[in-house]
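> Chains as they are written, first to last, in this note's numbering: chain A, 1 to 506; chain B, 507 to 972.
Keep in mind the hints are simulated off the structure, nothing from the lab.
Possibly wrong hints are sitting among the right ones.
To be verified - Below are the EDC-like pairs computed for lysine to aspartate or glutamate, each with C-alpha atoms no more than 16 Å apart in a straight line:
| id | chain 1 | residue 1 | chain 2 | residue 2 |
| --- | --- | --- | --- | --- |
| 1 | A | K410 | B | D709 |
| 2 | A | K244 | A | E201 |
| 3 | B | K771 | A | E194 |
| 4 | A | K298 | A | E221 |
| 5 | A | K318 | A | E221 |
| 6 | A | K318 | A | E133 |
| 7 | B | K771 | A | E357 |
| 8 | A | K410 | A | E194 |
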Amino acid sequence: MASKPDTGPGRIDPEFTSYPLRQLADAALARAAELGAEHADFRAERIRGQQIRLSDGRLETQFDADDLGLAVRVVVDGTWGFASAVDLTTDAAVRAAQEAVDVARVAAAISTERIELAAEPGYGEVSWVSAYEIDPLDVSVADKIELLARWSSGLLADSRITHVDASLNQVRETKFYCDGATTALQQRVRVDPEVTAVAVEPDGRFETMRTLAPPAGRGYEYLTGTGWDFDAELVELPSLLAEKLAAPSVEAGRYDLVIDPSNLFLTIHESIGHATELDRALGYEAAYAGTSFATLDKLGSLQYGSPVMNITGDRTAKHGLATIGYDDEGVAGQSWNLIAGGVLTGYQLDRRMARLEGFGRSNGCAFADSPGHMPIQRMANVSLQPAKDGPSTAELIAGVTDGIYIVGDKSWSIDMQRYNFQFTGQRFFRIRNGQLAGQLRDVAYQATTTDFWNAMEAVGGPQTYVLGGAFNCGKGQPAQVAPVSHGCPSVVMRGIRILNTVEEAA
Amino acid sequence: MSQHSPQHAVDIALRSARGDDCIVIADESSTANLRWAGNTLTTNGVSRTRQLTVIAISRAAGGARVGVVSRAGVRDEQIADVVAEASEAAAEGSPAEDAQPLATSAPPLPASAPAWDDPPAATEIGVFSGFAGELGNAFANAASADRLLYGYAEHQITSTFLGTSTGLRLRHDQPTGRLELNAKSADLARSSWAGVSTRDFRDVDVMALEAELAQQLGWAARSVELPAGRYETLLPPSAVSDLMAYMYWSAGARDAVDGRTVFSKPGGTRVGERLSSMPLTMFSDPGTPGLQCAPFVIAHASRRISSVFDNGEPSPRTEWISGGTLAALIQTRYSAQLSGLPYTPWVDNLTMQADGSSASLTEMVAGTTRGLLLTCLWYVRDVDPQTLLLTGLTRDGVYLVENGEVVGAVNNFRFNESPVAMLDRVTEAGATQPTLPRELSDYFTRAAMPPLRVEGFNMSSVSQAS
Numbered sequence: 001m002a003s004k005p006d007t008g009p010g011r012i013d014p015e016f017t018s019y020p021l022r023q024l025a026d027a028a029l030a031r032a033a034e035l036g037a038e039h040a041d042f043r044a045e046r047i048r049g050q051q052i053r054l055s056d057g058r059l060e061t062q063f064d065a066d067d068l069g070l071a072v073r074v075v076v077d078g079t080w081g082f083a084s085a086v087d088l089t090t091d092a093a094v095r096a097a098q099e100a101v102d103v104a105r106v107a108a109a110i111s112t113e114r115i116e117l118a119a120e121p122g123y124g125e126v127s128w129v130s131a132y133e134i135d136p137l138d139v140s141v142a143d144k145i146e147l148l149a150r151w152s153s154g155l156l157a158d159s160r161i162t163h164v165d166a167s168l169n170q171v172r173e174t175k176f177y178c179d180g181a182t183t184a185l186q187q188r189v190r191v192d193p194e195v196t197a198v199a200v201e202p203d204g205r206f207e208t209m210r211t212l213a214p215p216a217g218r219g220y221e222y223l224t225g226t227g228w229d230f231d232a233e234l235v236e237l238p239s240l241l242a243e244k245l246a247a248p249s250v251e252a253g254r255y256d257l258v259i260d261p262s263n264l265f266l267t268i269h270e271s272i273g274h275a276t277e278l279d280r281a282l283g284y285e286a287a288y289a290g291t292s293f294a295t296l297d298k299l300g301s302l303q304y305g306s307p308v309m310n311i312t313g314d315r316t317a318k319h320g321l322a323t324i325g326y327d328d329e330g331v332a333g334q335s336w337n338l339i340a341g342g343v344l345t346g347y348q349l350d351r352r353m354a355r356l357e358g359f360g361r362s363n364g365c366a367f368a369d370s371p372g373h374m375p376i377q378r379m380a381n382v383s384l385q386p387a388k389d390g391p392s393t394a395e396l397i398a399g400v401t402d403g404i405y406i407v408g409d410k411s412w413s414i415d416m417q418r419y420n421f422q423f424t425g426q427r428f429f430r431i432r433n434g435q436l437a438g439q440l441r442d443v444a445y446q447a448t449t450t451d452f453w454n455a456m457e458a459v460g461g462p463q464t465y466v467l468g469g470a471f472n473c474g475k476g477q478p479a480q481v482a483p484v485s486h487g488c489p490s491v492v493m494r495g496i497r498i499l500n501t502v503e504e505a506a
Numbered sequence: 507m508s509q510h511s512p513q514h515a516v517d518i519a520l521r522s523a524r525g526d527d528c529i530v531i532a533d534e535s536s537t538a539n540l541r542w543a544g545n546t547l548t549t550n551g552v553s554r555t556r557q558l559t560v561i562a563i564s565r566a567a568g569g570a571r572v573g574v575v576s577r578a579g580v581r582d583e584q585i586a587d588v589v590a591e592a593s594e595a596a597a598e599g600s601p602a603e604d605a606q607p608l609a610t611s612a613p614p615l616p617a618s619a620p621a622w623d624d625p626p627a628a629t630e631i632g633v634f635s636g637f638a639g640e641l642g643n644a645f646a647n648a649a650s651a652d653r654l655l656y657g658y659a660e661h662q663i664t665s666t667f668l669g670t671s672t673g674l675r676l677r678h679d680q681p682t683g684r685l686e687l688n689a690k691s692a693d694l695a696r697s698s699w700a701g702v703s704t705r706d707f708r709d710v711d712v713m714a715l716e717a718e719l720a721q722q723l724g725w726a727a728r729s730v731e732l733p734a735g736r737y738e739t740l741l742p743p744s745a746v747s748d749l750m751a752y753m754y755w756s757a758g759a760r761d762a763v764d765g766r767t768v769f770s771k772p773g774g775t776r777v778g779e780r781l782s783s784m785p786l787t788m789f790s791d792p793g794t795p796g797l798q799c800a801p802f803v804i805a806h807a808s809r810r811i812s813s814v815f816d817n818g819e820p821s822p823r824t825e826w827i828s829g830g831t832l833a834a835l836i837q838t839r840y841s842a843q844l845s846g847l848p849y850t851p852w853v854d855n856l857t858m859q860a861d862g863s864s865a866s867l868t869e870m871v872a873g874t875t876r877g878l879l880l881t882c883l884w885y886v887r888d889v890d891p892q893t894l895l896l897t898g899l900t901r902d903g904v905y906l907v908e909n910g911e912v913v914g915a916v917n918n919f920r921f922n923e924s925p926v927a928m929l930d931r932v933t934e935a936g937a938t939q940p941t942l943p944r945e946l947s948d949y950f951t952r953a954a955m956p957p958l959r960v961e962g963f964n965m966s967s968v969s970q971a972s
């Protein structure tokens with residue numbers, strides 16, 4: 001994949017590129033080869049982050065993080081070795097190569113599986129920059145605080161609002177990767193603006209409501225009108241929250257659901273995204289994140305969901321949080337099917353697993369969250385495809401006689417094989433005879449993954465499709481955090497179990 | 507003290523600070539880890555990080571403005587740039603709500619505390635030299651009996667150097683280690699787990715843990731299907747620690763005063779209310795043997811339960827629950843003013859004990875007519891902050907106890923329970939012992955908990971996961 005015309009290495013963090021990256025890589029790779037490594041790759045990264053958080057319009061948190069370092073990963077006699085360093089110097093790079101080889105030799109004594117990597121073409125010297133207009137870290141802290149303060153004061157001026165939290169997380173990730181055949185210099189930015197309004201009644205009852213704006217692989221322009229209309233969303237929050245606080249508590253039972261993309265993306269993440277990670281299916285995460293019910297023997301036969309279910313994995317979606325030109329093993333970004341017509345057809349791979357299980361080529365899901373961590377298979381953007389010429393959300397609601405329309409994500413939990421899950425949301429609207437009939441409180445939905453997706457009767461059209469996502473997907477030991485997006489349309493699910501969370505706590 | 511030392515970095519940064527106040531925190535951290543699956547090592551690594559955090563404070567009419575910049579791998583010649591960036595962030599910022607004067611006197615430190623000038627402590631892969639050999643023996647032992655071992659061992663040491671423009675120079679060395687061992691039957695249908703927290707891996711007996719897991723897999727030879735429902739349940743220390751640590755983290759005074767947690771009540775907080783009829787006491791104490799942690803506040807950023815202005819303030823033993831009554835909430839000095847309660851900051855360990863309890867879990871099993879025995883909890887998340895309703899899964903072994911004996915393994919469940927409401931349904935607590943919170947161990951490893959017998963634990967639905 002070549003650089004996009006509107007981007008280019010000129011925009012890449014000049015402080016990072018001022019280091020002699022190529023020289024460091026050459027020195028590390030040469031040392032690893034000298035010491036007998038059959039594979040070696042070198043990675044240098046700078047990750048800049050900034051968190052700003054206001055409580056009731058006053059500054060609570062301002063924190064700037066700046067992580068820089070290098071890493072060398074080797075395979076020596078079929079065993080992994082990994083080491084990292086904080087100084088971007090030739091000495092440190094050579095020492096890391098030496099240390100990685102040492103670690104591999106120590107580890108060989110208790111390793112029984114031979115590490116081999118699937119082939120990937122060499123791309124030479126390439127660069128890639130994500131699609132954004134304004135680097136959020138180039139915007140002054142004062143401007144960001146002022147914007148969050150304006151959002152907060154607008155809400156606090158409404159007598160129905162007791163408290164407002166407003167926060168903005170921003171990340172700029174710059175990477176240099178070299179394995180001899182491919183040398184990739186890449187940069188991407190992401191932003192996560194959130195506003196939560198809280199209403200507290202005199203009797204102590206309280207409710208909260210958060211904005212639905214998803215975190216996005218966009219720049220600061222996202223906060224000022226490109227890709228989302230914050231002003232329009234914020235002006236609606238007080239009345240929505242007041243209505244929720246006054247709403248009746250849901251009656252537990254089975255309901256037909258219309259689920260909005262702002263809620264469904266997280267259910268996709270947990271029950272499909274993680275379940276189609278091959279390292280989980282193979283048991284590498286068995287003691288921590290867990291395994292998957294969608295094991296390799298079911299590839300091509302498992303009826304994961306109804307025939308209207310088509311799921312893709314990709315590292316290419318514009319503004320996607322998992323989007324990148326080349327992964328942390330030098331594999332070019334791709335898009336592929338995970339589920340087609342409801343049947344399991346693919347997994348997320350890295351080079352090692354692609355080779356081990358005969359997939360031929362990796363689909364590019366290797367990622368390390370920092371220079372200090374070894375890449376592992378991490379989630380691509382995993383998305384549910386809309387129906388071409390499919391219905392609008394209102395048309396989906398019109399087809400439900402007695403149900404609930406669920407909007408926004410909140411609480412989530414799923415078991416270690418990705419069977420049993422429970423989710424709540426931000427807003428729950430009663431559906432009666434195809435019409436919305438006010439909000440409900442205290443709603444949670446609970447299901448088993450394949451029951452749930454096989455109960456999906458219809459998916460909405462492209463006009464309902466939204467790319468949601470999260471900054472904070474956790475996996476691996478040592479624990480690593482990855483950002484990922486999930487696009488989906490609105491959907492109709494029949495006969496899903498709804499719990500009343502007040503009764504559950506009784 | 508050499509060039510490039512963290513102590514030197516703190517001094518350079520404080521010297522180059524131009525604002526009214528400045529706090530500098532230098533963290534030197536080293537980590538070694540081993541990970542294994544199916545009786546073979548899968549990944550490993552060693553890493554070192556060096557982090558410099560500069561908190562610049564500019565005091566003026568209208569309040570104190572704060573800028574925080576935290577940067578990895580800073581070289582001496584870059585320190586002034588980091589200070590300048592923090593000062594610039596402070597100048598651009600707006601007044602901090604939590605502004606307070608900085609601490610001026612050193613808190614009491616244990617006699618064993620390292621001197622400021624001593625080199626930073628560090629770990630390396632050699633910390634596993636004895637352990638790795640034993641682990642290899644455990645792999646062989648497990649393989650010979652058709653069992654598969656999975657798990658993770660990590661050891662980390664962080665030396666933190668905290669300096670302030672008010673003259674404080676405080677140091678804390680924190681070792682943090684944990685072992686998680688998971689055994690499965692060859693068909694992966696049965697699974698058991700054990701976890702330990704350790705400061706140095708010298709006290710870890712992996713063969714004994716492997717034997718314990720083998721016994722639990724043996725219990726699972728007979729399986730029993732049970733439906734969702736409310737069960738008398740024996741929670742071992744790990745399961746108790748995840749629920750109690752979640753509650754501890756949710757016990758911030760700021761949010762309670764704002765009326766938005768389970769510990770809120772109209773016009774104030776629930777401090778002083780009885781939560782359990784059992785004489786349960788839950789406390790944090792930086793001096794707890796085996797669970798030692800920093801005896802002073804180290805706050806890299808201000809958040810709901812921490813304030814950068816409190817850096818260097820003592821964080822002594824605090825009882826959060828005394829004899830079943832809510833006694834304190836996590837405070838910053840700012841939230842203490844808001845709540846009108848004493849200043850009781852976060853401490854990085856947690857112990858619960860019941861006065862006069864000495865029963866072991868085995869004895870509690872023997873005293874059970876019919877109930878469930880859990881191993882640990884997983885994927886715990888809050889569902890409703892009003893009640894602190896949590897949901898999550900049982901994992902790696904749920905056993906049915908009848909007439910004092912384990913009679914088989916039961917399917918897993920999704921639970922929905924509030925740890926606060928649960929405290930009032932505790933009917934027996936055993937002897938407190940060190941444990942590892944399975945769910946929270948990436949962030950929180952220092953806990954000692956009793957096993958608990960809980961009436962009517964809410965198993966909301968069956969999970970097919972094994």
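> Could you run down the list of hints and mark each one as holding or not?
Structure-based check of each hint:
1. A:K410 <-> B:D709: Between A:K410 and B:D709 the Cα gap is close to 41 Å, so the pair fails against 16 Å, i.e. violated.
2. A:K244 <-> A:E201: 12 Å, holds
3. B:K771 <-> A:E194: Status violated; Cα separation ~27 Å.
4. A:K298 <-> A:E221: 44 Å, violated
5. A:K318 <-> A:E221: Holds - the C-alpha atoms of A:E221 and A:K318 are around 15 Å apart, at most 16 Å.
6. A:K318 <-> A:E133: 13 Å, holds
7. B:K771 <-> A:E357: The given pair, whose Cα atoms are some 57 Å apart, is violated under the 16 Å limit.
8. A:K410 <-> A:E194: 13 Å, holds
Checked against the numbered hints given earlier, this structure breaks hints 1, 3, 4 and 7; the rest are met.
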